[in-house]
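2 protein chains.
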Amino acid sequence: MPQLGLLPGRAWTVLLGLLRPPPGALCIRAVRSHSQVAEALFASQLKPHQEKSNFTIKTPKGTRDLSPQQMVVREKILDVVVSCFKRHGAKGLDTPAFELKEILTEKYGEDSGLIYDLKDQGGELLSLRYDLTVPFARYLAMNKVKKMKRYHVGKVWRRESPTIVQGRYREFYQCDFDIAGQFDPMIPDAECLKIMCEILSGLHLGDFLIKVSDRRILDGIFAVCGVPESKFHAICSSVDKLDKISWKDVRHEMVVKKGLAPEVADRIGDYVQCHGGISLVEQMFQDPRLSQNKQALEGLGDLKLLFEYLTLFGVAEKVSFDLSLARGLDYYTGVIYEAVLLQTPVHAEEEPLNMGSVAAGGRYDGLVGMFDPRGHKVPCVGLSIGVERIFSIVEQRIKTFGEKIRTTETQVFVATPQKNFLQERLKLIAELWDAGIKAELMYKNNPKLLPQLHYCENMGIPLVVIIGEQELKEGVIKLRSVASREEVAIKRENLVAEIQKRLSES
Amino acid sequence: MPQLGLLPGRAWTVLLGLLRPPPGALCIRAVRSHSQVAEALFASQLKPHQEKSNFTIKTPKGTRDLSPQQMVVREKILDVVVSCFKRHGAKGLDTPAFELKEILTEKYGEDSGLIYDLKDQGGELLSLRYDLTVPFARYLAMNKVKKMKRYHVGKVWRRESPTIVQGRYREFYQCDFDIAGQFDPMIPDAECLKIMCEILSGLHLGDFLIKVSDRRILDGIFAVCGVPESKFHAICSSVDKLDKISWKDVRHEMVVKKGLAPEVADRIGDYVQCHGGISLVEQMFQDPRLSQNKQALEGLGDLKLLFEYLTLFGVAEKVSFDLSLARGLDYYTGVIYEAVLLQTPVHAEEEPLNMGSVAAGGRYDGLVGMFDPRGHKVPCVGLSIGVERIFSIVEQRIKTFGEKIRTTETQVFVATPQKNFLQERLKLIAELWDAGIKAELMYKNNPKLLPQLHYCENMGIPLVVIIGEQELKEGVIKLRSVASREEVAIKRENLVAEIQKRLSES
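Line by line, the protein sequences give chains L and S. Add 6 to a position in the first sequence, counting from 1, and you land on the number used in my numbering. Add 6 to a position in the second sequence, counting from 1, and you land on the number used in my numbering.
Quick caveat, the hints were computed from the structure, so don't treat them as lab data. This structure is a prediction, so every number in the text was calculated from the model and none was measured. One should not assume that every hint holds.
In this list, chains with the same sequence are indistinguishable; a pair is considered to hold if it fits within one copy or across any two.
In silico DSBU-like pairs for lysine-lysine, Cα to Cα no more than 30 Å straight-line [what the hints assert, rightly or not]:
1) Lys125 with Lys64
2) Lys237 with Lys67
3) Lys450 with Lys150
4) Lys237 with Lys507
5) Lys152 with Lys433
Please model the entire structure based on the sequences and the hints provided.
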């Protein structure tokens, strides 16, 4: 029986196995319509999303429970992500769910209103963390850490208006990888993009594209187009909407709402509608206006180097220089990136989902310095995987295929066809547990045999050991393969070894 | 190189390996005092607990970050716990960090004041979860689940006065296993105790004892001793203190603070100072007063059956019937239990720690019904592992032995002795990553060889691949074993296969 995805080296194939299941391994198709199935214990009692009633038993708005089926899927996804982070030498780190309120203020720009505060119950003022980046920067500053490559998988909380159908929640997981430290330019940045490619490939989500740009290039464009510096932030947030609304609408917002001169907006439009590969970087170097701006030139120089390294990593064709990329968060200072899935579902029968970005990140060289009493800077670059959106895609795919997922890892079921065999069953199962074998039995003094066997078929348990009067007399145990329904008698003292042999073979 | 503890079947030996390290595998002892060590990247920059300054960069009171070293230890512990839960057929479940405030009210008795509330920012009134049991009961009622065996590992939050030295925090992990459903008596209850034994044995924390009793027996004692029913709760919470203060002090509290007649207190004293095995259960059955109480008889009958099953499971000698056991929480209705470590440190040089209980649980047959609109009951029994206290013990042990723990899983370091080899290093490392090999390099255009090799020794990386002019010319790569310092030249095209061979052998 396969170890379900807990071995890092196998993670890729295991997730592949989940998405395209080998028969009988991870997924059990619902092939039986037996009347006794209803008797089986624990089966199909889980309905993750209940219709809302007037009664107030519910999870808070924008949050959800993860059912056992969903937990299995989430664990598979996290396993692919964390395996990749470890493959790149990252260390784990955990921070509290809440921070001092002042740690989070002035880090998220317009989004600060979405932070959950805790009630003042005496003592410190606290807020739930909004991302994993600010706690990481706080950790670095607090412990005077100058260099660190860390990953962090944890929940974050945002009081957004939930549009749950798109996989947006108020409580969700982030999977972050960051490299802190002063290094030669663009080597860590290129590794972050390589990691994004490895994870998105490893999850088999179909084709994807990583848009890349640099905050300094966008600022340079604004400067050479004649945007007053006081309007940089406002215009940046308009540009940020280009993946959702058309240039016409963005231009309208710039001119009418934000008071930009129409000819300035048009000049911006010429730039931000461009995207391409390394050749676009070269083209921008030759641009008569942009090449006069020092900041933009620095950004372009770094991007050129970045593309060189991405080519060596074999992922340059997945990356597009996109001048419309702005990224919402305040703390970015250099290269920024965002991965989007290209909307061709792998299988024709799947409904397309509008998923937005599934991973993003960038360079933030100033954030740690904001926490340091003397303002010492620690340059950082990192990425965050939007695992909830990926989860929605995988979940929908499983639903489309009607796959049933094993929610337990039980290997052996201890059964009896006779009454008054509880004592023998308990002795036997303790022996299996003590040998490290995953085993279950029915919590009944006198269960009937058929429901016990049906439970195994429903739950995908591969082996059954059966003990009865005959077996007890002969000093044997019957070992039954659930799939083939073959039974053999095994000497009691050889049972554990035989089971371990069978499990290692399958 | 061993897969660090992520394979369930190996969890026990891996944790054993952590506590008593095989040379060079999980732990790298600090055997080198080389002057160049300081040059090595990433090494020893982590100081988990910083001295407090006037500056407010800190974690909230009663919370902490977990450093990479601590994360490794915690993951090992959780792995032992979760492997055991899965061995017993449990499914995973996750619930939100916060619940509607009303879900949590009237569940925790006197402790309700310790619940963290969220600020009213418009919308629902929310509280951080206080344990994993109430959210589980809410989940069962909300989804009308009648049977379920689930585990849940997650953080919970309590506004306690932190005494951090004993491993008590305001944010901490709980590891819960529960069985919901109507079954034949004491079979699931016995499995819960078996699980506690397996986990505590598997963690190698020294000897332990599980105290067991039944809420109905304690209530029966109060009744037959003449405690007015209105005082049951108050007297119960006095009895609960018997593991911390003497009977004399508890009696004083009962009589002076809680107004109990002295002779009633003395009668209680005769009972609650008793503890023993199955023979004490038999003795209580014969007790002239207690045997007149229906509730107590039910409890004693169940305990008798429980001990019978525990004997079949081979763990009866770890369990003691202890009439002083009361358990604080309101929701218990039947058997209750609590595991304590017996304070003989495994090694003489360790300082003893006062750890209190490290695991506890019991039967709560009424909690789910509190959430069901029609009051339908789902009987439950479960246990919770106090992983923070266990963590403190293991951490102290590691400190005592001066062990250094590997915080990354990196298998190969890509090095060069020459300038201008960044391009070749990047191409090479991408090849390793793409083959699933955990690899790192220095983020420098022209690093010196010695710091690269020292980094590997410090971080416990077993293999180095070295590329230079000579190797490039000959189409080979040098493969170096860090431990033996032996180097061999490998044909470039065979490198990945050779590395995989070496890693699978070690």
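Checked hints:
| no. | hint | verdict |
| --- | --- | --- |
| 1 | Lys125 with Lys64 | both (21 Å within a copy, 19 Å between copies) |
| 2 | Lys237 with Lys67 | neither (36 Å within a copy, 40 Å between copies) |
| 3 | Lys450 with Lys150 | between (59 Å within a copy, 22 Å between copies) |
| 4 | Lys237 with Lys507 | neither (70 Å within a copy, 59 Å between copies) |
| 5 | Lys152 with Lys433 | between (56 Å within a copy, 28 Å between copies) |
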